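Here's the letter readout for the chains.
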Amino acid sequence: MTGGGWHRRLLAAHTALVYLFLYAPIAILVVFSFNSARQTAFWEGFTLDWYRRLLDNALLFRSVRNSLIVAGITTAVAVLLGTPAALALARLQFRGKRSTQALLYLPVIIPEVVLGAALVTFFGAVEMRLSLWTVVIAHVVFSVSYVAIVVRARLAGLDPALAEAARDLGAGPFETFRRVTLPLAAPGIAASALLVFTLSIDDYVVTSFVAGVGATTLPLHIYSMLKVGVTPEVNAVSTLLLAGTVVLIVLAHRLLSAETGDSK
Amino acid sequence: MKRFLLIAFAAAALVSCGGAKEEAAPASAAQAAPGQVNVYIWTSYLPPEVIAGFEKKTGIKVNVDTYDSNEAVLEKLQSGVADYDIVVPSDYMMKVLIPEGLVQPLDHARLPHFKNLDPRFLDQQYDPKNGHSFPYLWGTTGIGYDKGKVKEPVDSWRALFDERYAGRILMLDDPREAFGAALKIMGRSLNEKDPAVLRQAAEMLKKQKRLVRTYNSSDFANLLAAGDVDVAQGWNGEMAEAVSNAPGRLAYVVPKEGGTLWIDNVAIPKGARNLDAAYAFLDYILEPEVAAKIVNGVHYAGANRAALPLVDEKIRQNPSIYPPKEVLDRCELIEDLGETTKLIDDLWTEVKAQ
Numbered sequence: 001m002t003g004g005g006w007h008r009r010l011l012a013a014h015t016a017l018v019y020l021f022l023y024a025p026i027a028i029l030v031v032f033s034f035n036s037a038r039q040t041a042f043w044e045g046f047t048l049d050w051y052r053r054l055l056d057n058a059l060l061f062r063s064v065r066n067s068l069i070v071a072g073i074t075t076a077v078a079v080l081l082g083t084p085a086a087l088a089l090a091r092l093q094f095r096g097k098r099s100t101q102a103l104l105y106l107p108v109i110i111p112e113v114v115l116g117a118a119l120v121t122f123f124g125a126v127e128m129r130l131s132l133w134t135v136v137i138a139h140v141v142f143s144v145s146y147v148a149i150v151v152r153a154r155l156a157g158l159d160p161a162l163a164e165a166a167r168d169l170g171a172g173p174f175e176t177f178r179r180v181t182l183p184l185a186a187p188g189i190a191a192s193a194l195l196v197f198t199l200s201i202d203d204y205v206v207t208s209f210v211a212g213v214g215a216t217t218l219p220l221h222i223y224s225m226l227k228v229g230v231t232p233e234v235n236a237v238s239t240l241l242l243a244g245t246v247v248l249i250v251l252a253h254r255l256l257s258a259e260t261g262d263s264k
Numbered sequence: 001m002k003r004f005l006l007i008a009f010a011a012a013a014l015v016s017c018g019g020a021k022e023e024a025a026p027a028s029a030a031q032a033a034p035g036q037v038n039v040y041i042w043t044s045y046l047p048p049e050v051i052a053g054f055e056k057k058t059g060i061k062v063n064v065d066t067y068d069s070n071e072a073v074l075e076k077l078q079s080g081v082a083d084y085d086i087v088v089p090s091d092y093m094m095k096v097l098i099p100e101g102l103v104q105p106l107d108h109a110r111l112p113h114f115k116n117l118d119p120r121f122l123d124q125q126y127d128p129k130n131g132h133s134f135p136y137l138w139g140t141t142g143i144g145y146d147k148g149k150v151k152e153p154v155d156s157w158r159a160l161f162d163e164r165y166a167g168r169i170l171m172l173d174d175p176r177e178a179f180g181a182a183l184k185i186m187g188r189s190l191n192e193k194d195p196a197v198l199r200q201a202a203e204m205l206k207k208q209k210r211l212v213r214t215y216n217s218s219d220f221a222n223l224l225a226a227g228d229v230d231v232a233q234g235w236n237g238e239m240a241e242a243v244s245n246a247p248g249r250l251a252y253v254v255p256k257e258g259g260t261l262w263i264d265n266v267a268i269p270k271g272a273r274n275l276d277a278a279y280a281f282l283d284y285i286l287e288p289e290v291a292a293k294i295v296n297g298v299h300y301a302g303a304n305r306a307a308l309p310l311v312d313e314k315i316r317q318n319p320s321i322y323p324p325k326e327v328l329d330r331c332e333l334i335e336d337l338g339e340t341t342k343l344i345d346d347l348w349t350e351v352k353a354q
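Protein chains in written order, with the working numbering: chain A, 1 to 264; chain B, 1 to 354.
What the hints contain is simulated information worked out from the structure, not anything from laboratory work.
Errors might be hidden in some of the hints.
[Claimed, not checked] Listed below are several chain B residues computed to face chain A (Cβ distance under 7 Å; list not exhaustive):
| # | residue |
| --- | --- |
| 1 | T43 |
| 2 | Y67 |
| 3 | E71 |
| 4 | S79 |
| 5 | G80 |
| 6 | V81 |
| 7 | N245 |
| 8 | P247 |
| 9 | E350 |
[Claimed, not checked] Pairwise CB distance ranges, derived in the manner of DEER restraints:
| # | chain 1 | residue 1 | chain 2 | residue 2 | range |
| --- | --- | --- | --- | --- | --- |
| 10 | A | V126 | B | P309 | 45 to 55 Å |
| 11 | A | T47 | B | L343 | 47 to 57 Å |
| 12 | A | T47 | B | Q125 | 25 to 35 Å |
| 13 | A | G96 | B | P47 | 51 to 61 Å |
| 14 | A | F42 | B | K209 | 47 to 57 Å |
[Unchecked claim] Here are a few chain B residues that sit away from chain A, every Cβ distance over 10 Å (derived from the structure):
| # | residue |
| --- | --- |
| 15 | N38 |
| 16 | K76 |
| 17 | P112 |
| 18 | W348 |
Owing to the predicted nature of the structure, the values given are computational and were not obtained by experimental measurement.
Cβ atoms here follow ideal geometry from the backbone N, Cα and C, with glycine treated the same way.
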């Protein structure tokens, strides 16, 4: 028994270290958003100045707004496109299924630089002016694949007999989808939406290629500050985004556990 | 189901294209009016009050997007579908943009305030007779140091090769700047092409490597401010910032042998759609009062001579921003070396790999 305690303590220490490793940088980011020094090397004193200055920083504010618009639309469109694709791949047999699947993985696998360069060449060829919309389109391109892959993994774990049973009990294809398949797939869809939202909001490489007039997103803005030095304003805006994301995730988690009935 | 999928994809594609067109339409409609001007510029290069002043004076809306590297400008202009009317590339990038036809000739007749510019920064080798651009802001490469830890005042590039500071030296992770420091000590030009001289410079850098704590181009001012290094090669913008945060402790100097001079320039991309607005904006920022407001707001040296008396005393007298004339005269622009670039890259790899 005493040996077990020893093991457990080691395991606990290990876990604590892993969490420290994961969260220490974030904690420092949050702490330094309240630092009165302009450069991030020292702690000088507590201040809310950087949050106040955020309100005056129109460019930074606009970049946050742009990022939220892009991530929001991208998530919605990617889920609407990716979920049917996942359903088709999980449930149907059709010619070209293997190649469709392989093609779906492609945007996930190819380097972002290549994707960005390809997209900007494409927009040039079809004479589509670069704007916030070209950023949305570019993000949808890689996001659809993530949604399809995640949702498909969820569907693969489900018993196909459930849908068959619904049919046997007289439900039409649409009703089966709405009342059986969709609720079962919902956690996968929600997970993919969160994943895609996160990928979109912090994407730098692809965005830097395809952003046009008025389309500077938060990551582009932060990178562009490097020449003159990143100020704690960036820490402040990151902290706010972090807080927003945590609230969203907690809400999503609550919603999901309420729906599926498992309490964690 | 298969058909449904196809239709769904097609519909979504249409929707997204439609969205893009809708967005583009009001923009092109607005071009007939005084409309707008789209500026693509380094961060913190255009104070908000300058934008507000121009919008109030002309009714033209200024859209500002920011970038982090000259290469971003090149990529945007090469795409052919970016709607920027004004870009602000550095000297060496102008030398790429002009031959590629990515920026258009500058019509000096439309810039009555062009005469305010300091001839010192005009007619440079990257853009002869300022046919395509005019200088906006400029700066230097020099040495930042900790006055408490470095006993005597630094005035030479030799400080970066000084045994006494072993393990406390930072060099920019940039071959041209590193070779520049060595070449200047040797009394040579930054743009030296003689392979024998360059090999000698490489030997100096190899010997120096033992003394160098780190090669870093992105965070040098922070490392100096944090006390990780005591003598650091660096660009004046971040250095001036660090010095003004710790004026008693840190200092920045352009060595007496001369350093690198860089100049960022204003140019109009080929095919700019709001040409009238672009010229109106360019002439506006050449007005002395406006140019002074820019320098006071961004803390970089401006190329506008008529504006100088209107610049804050504190900035004008700050040697990290405006170095004394005799030092500036010894500074040089980094020029494209053609074939020799490969040799320098190879030698730099040898230094770093040692």
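Hints not upheld, ascending by number: 3, 8, 9, 12, 14, 15 and 16
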